[in-house]
Amino acid sequence: MACRGVSFLPEEGLELVGVAKSFGSVTAVAEVDLRVHPGEFLTLLGPSGSGKTTILKLIAGFEVPDQGEIRLAGRDITVIPPYRRDIGMVFQHYALFPHMTVAENVAFPLRMRRLKDRTVQAKVEEALALVKLSGLDRRRPSELSGGQQQRVALARAIVFGPRLLLLDEPFGALDRKLREEMQVEMRFLQQRLRLMTVFVTHDQEEALVMSDRIAVLNAGQVEQVGTPDEIYDRPANGFVAGFIGESNLWKGVIAGVHGALARVGLDLGITVTVAVPEPPKDGSQVRLLVRPERMQLLTGTRTADNSFEARVHQMVYLGESTKYRLNLPNGHEVLARWSTPRLAGPRVGDTVRVGWDASDGRLVRWD
Amino acid sequence: MSNVAGTTHVRRVPWRRHLGPVALTAAPIGLLFLFLYYPIARLVLASLSGGSLQHFQRVLDPLYLQVFSQTLIISLYVTACCLVLGYPVAHFLCAAPSRWASVGFIFVLLPLWTSVLVRTYAWIILLGRNGVINRALLTLGIVDSPVPFLYNVPGVVIGMIHVLLPLMVLPLYAVMRRIDPDLLKAAAILGASPLGVFAYVYLPLSLPGVLAGFTLVFILSAGFYITPAIMGGGRVLNVAMILEQQSRLDLPFAAALAICLLVITLFIYGVSSRLLRGSQAWS
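Protein chains in written order, with the numbering used here: chain A, -19 to 347; chain B, 32 to 314.
Careful, some of the hints might be misleading.
Quick list of in silico lysine-lysine cross-link-like pairs, DSBU-like style, CA-CA up to 30 Å [to be verified]:
| id | chain 1 | residue 1 | chain 2 | residue 2 |
| --- | --- | --- | --- | --- |
| 1 | B | K216 | A | K231 |
| 2 | A | K157 | A | K112 |
| 3 | B | K216 | A | K303 |
| 4 | A | K96 | A | K112 |
| 5 | A | K103 | B | K216 |
| 6 | A | K231 | A | K261 |
| 7 | A | K231 | A | K303 |
| 8 | A | K303 | A | K157 |
DEER-style ranges, computed between Cβ atoms [stated by the list, open to error]:
| id | chain 1 | residue 1 | chain 2 | residue 2 | range |
| --- | --- | --- | --- | --- | --- |
| 9 | B | F298 | A | R118 | 30 to 40 Å |
| 10 | B | P59 | A | S28 | 44 to 54 Å |
| 11 | A | Q72 | B | L148 | 48 to 58 Å |
| 12 | A | S122 | B | R130 | 28 to 38 Å |
Hints listed in this document are in silico derivations from the structure and should not be mistaken for laboratory results. All residues carry an ideal CB built from backbone N, CA and C; glycine is no exception.
Let the sequences and hints guide you as you build the complete structure.
Below, the structure written as structure tokens:
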């Protein structure tokens, strides 16, 4: 794909080495190491208070880390003030300058860099065209819709060819349809410009849609870094498994290993078989993850490696799929999610046989 | 509502419902008419007594024009000084940690809660020939003879600044408070140095407060009586003092003077509210 302007290509990535930050007695970020590669879209995903926003502030230079080093394109920027970092940023509420027109807003970073009038004009036009806002350049931000304001904010953040783009939960204020549209568009633009991007969100769906890689954060620490499917399919621990998507997460003890299969005694009161890439120690405590959509409804002669009977306790209709809460005879709850059947599926109160294959279970760390 | 458009009737609100709001506003409106608009109307009538504009013609006498210009110049000094002193204070109140800000607030508001008379006499004790400041300056050998701080224009200006400063700080504070801190961060990350952030973002956004404070202080300065009278010791004249004097000697002329001052004030107010609307066009 043709890439516009070599200036959008950073030479090297972003690197955080042992970065820590506390506010008073509260540790916001505890010794984080993180790498973002040139052209990569990395998402910092975590619940509120996980430190993701603090990391973004440290990268932007709004806060200085207590220890550690931040390097951008081969330069140590740990203590460099924000205005000399060459970073573009889209704020949560866009932070457009209300006293300037759209064009003046987009021109702002260029003016601060003392570019010639003609260059400024050309670049502003180009950036506005890129975000499909040509013709609105003389409007005030207050005269624009939420989606348009976000486009202006994006144009303003990329117009000067920053080394890095920071996105601070920029989709929160948009309605669902517009949000999905903007996500796809922003991702497309980011790939087209090969713009190294760090994106902060607490919305796991958003993270899965947009990212090359996701860093899952919890209590100031990075729990796992990986591609969306790695994070979803092979979560490193219980927190990641629970935070991304819905899950059945059971505690259990390894009751025996046979080649690539392990027997796990679950605290549900049943023993199941799970495929394991590397054999765990006999008797070690683990958690077993089975995603609700991996549960199978066993009708007729269908079988699965692990199966049991359960009663439908609750159904939630979601359109293309239906979510079921099932109760085991001993009272434990199991989540299942099946594509909505054309004809009548199981109803509340029905007893069904469900199960999953050994290859659909995942062992994750106990903690 | 399932009503079809054609069948809906405008429900008439019983007249008694309107009684509450009318009764609530009647008292203040009545007071305004009784004690403000009626006296002003009487003033206008008085200034036109004799059936001609002769009293207004007397205002054009160089002597009185000079008093007017001195009044306006002093007002301008006072307002400009209040702005220069008040802007950083208002910014501090917004930006400081809340503990410090509340201490700052007490310092700003304390003068407002104290009688103007008390404050003005306090300044006389401080600034007099034998006052605290002059004695300190003499003792330190900075000056050889007492500096005349009192009964001159600087004295009047100092006293007025002290009285009016809170009225500059408060509107500034109210506007600065509403400036989104993210805008300043956005300016910084987009390449604006601290000075650039101030010049291109903070200052323009605080302009409505500047204008409001400026208007408030200027208008009050232009009609100020007690402080200039005491601190000027009768040697610095302003319109309010001439008014007080003439009200005893020549009431129609005093009325004409008062109306001229009122017109000037209204003019300033008109211009500034025009500008204010312009400077807030975005919100």
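Hint check:
1. B:K216 - A:K231: Violated, at about 46 Å.
2. A:K157 - A:K112: The given pair, whose Cα atoms are some 18 Å apart, holds under the 30 Å limit.
3. B:K216 - A:K303: violated, 44 Å
4. A:K96 - A:K112: holds, 24 Å
5. A:K103 - B:K216: holds, 23 Å
6. A:K231 - A:K261: Holds: A:K231 and A:K261 sit about 15 Å apart, inside 30 Å.
7. A:K231 - A:K303: holds, 22 Å
8. A:K303 - A:K157: This hinted pair holds, its Cα atoms lying about 22 Å apart.
9. B:F298 - A:R118: 30 to 40 Å: holds, 33 Å
10. B:P59 - A:S28: 44 to 54 Å: holds, 48 Å
11. A:Q72 - B:L148: 48 to 58 Å: Distance hint for A:Q72, B:L148 holds at roughly 52 Å.
12. A:S122 - B:R130: 28 to 38 Å: For A:S122 and B:R130 the Cβ distance comes to about 35 Å; the hint holds.
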